[in-house]
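*Asks:* Residue numbers (the numbering used here), protein chains in the order written: chain A, 1 to 114; chain B, 1 to 114.
The set of hints was computed from the structure by calculation and includes no laboratory data. Small disclaimer: the values here were computed from a predicted structure and weren't measured. Just so you know, not all the hints are guaranteed correct.
The list that follows gives simulated cross-link-like pairs (lysine-lysine, DSBU-like), each with its CA atoms no further than 30 Å apart [unchecked claim]: (1) B:LYS15 <-> A:LYS49; (2) A:LYS106 <-> B:LYS78; (3) B:LYS97 <-> A:LYS68; (4) B:LYS15 <-> A:LYS56; (5) A:LYS106 <-> B:LYS15; (6) B:LYS41 <-> A:LYS52; (7) B:LYS15 <-> A:LYS77; (8) A:LYS49 <-> B:LYS44; (9) B:LYS97 <-> A:LYS52; (10) B:LYS41 <-> A:LYS60; (11) A:LYS60 <-> B:LYS97; (12) B:LYS51 <-> A:LYS49; (13) B:LYS78 <-> A:LYS56; (14) B:LYS15 <-> A:LYS68; (15) B:LYS41 <-> A:LYS106; (16) B:LYS15 <-> A:LYS52; (17) B:LYS97 <-> A:LYS49; (18) A:LYS49 <-> A:LYS60; (19) B:LYS51 <-> A:LYS68; (20) A:LYS77 <-> A:LYS60; (21) A:LYS49 <-> A:LYS68; (22) B:LYS78 <-> A:LYS52; (23) A:LYS77 <-> B:LYS41.
Stretch by stretch, here's where chain B covers chain A in the computed footprint (C-beta under 8 Å, at least three residues) [stated by the list, open to error]: (24) 33-45; (25) 101-112.
Glycine is no exception: its CB is placed at the ideal position from the N, C-alpha and C atoms.
Spelled out, the chains give:
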Amino acid sequence: GDSVTQMEGPVTLSEEAFLTINCTYTATGYPSLFWYVQYPGEGLQLLLKATKADDKGSNKGFEATYRKETTSFHLEKGSVQVSDSAVYFCALGVMNSGYSTLTFGKGTMLLVSP
Amino acid sequence: EAGVTQFPSHSVIEKGQTVTLRCDPISGHDNLYWYRRVMGKEIKFLLHFVKESKQDESGMPNNRFLAERTGGTYSTLKVQPAELEDSGVYFCASSPKWADYEQYFGPGTRLTVT
């Protein structure tokens with residue numbers, strides 16, 4: 001079945017450091033790929049998405065490129081801020097009879113210190 | 001526009017008791033999803049409603065779980081009787097149209113079964 005594997009956390013960085021959170025996937029069909037973020041006390045928010053190979057999703061300084069050849073969708077940010085501290089979830093969605101459900105990874109906690 | 005809301009935010013019950021979780025989707029959203037995250041594991045799909053109809057309930061763990069969406073508005077998820085392994089965070093999400101990937105998530109209900 002479909003699955004998503006992302007790096008274990010927590011990831012601890014100092015402010016302005018470079019961030020990479022690795023994500024790889026296994027899927028039948030042609031999935032779309034997502035990064036969701038959960039800030040403390042809040043629900044999941046869509047951070048960015050890519051719907052086909054070689055697409056780059058970007059938002060709030062975060063980027064991820066859909067790499068079909070390596071089945072990866074790594075999340076990157078050039079300079080993290082304390083406010084980026086949150087749990088990040090990689091996910092994929094595959095159309096199934098006209099609708100989609102999401103398959104998530106386990107989540108990676110990011111802690112950014114001043 | 002109000003987001004997806006869930007009630008309660010946290011519930012602590014004893015094994016064998018019954019708990020009902022509620023989700024109010026964004027107004028006008030036909031699609032409603034339930035997901036669950038058990039501690040340290042992936043967020044897993046439970047079921048999907050289109051309006052009041054169950055479209056896919058393949059993720060429901062067993063018959064102790066009952067989901068309803070009467071009238072196609074809010075949804076409830078009842079666990080009866082609760083077991084220790086049911087502890088986790090239950091997320092609800094909604095989306096506005098058929099076959100739309102972008103799901104809007106609520107803050108979740110943390111269920112603790114003691």
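*Asks:* Could you check the structure against the hints above and give me the numbers of any it violates, in ascending order?
*Replies:* 1, 4, 7, 13, 14, 16, 19, 22
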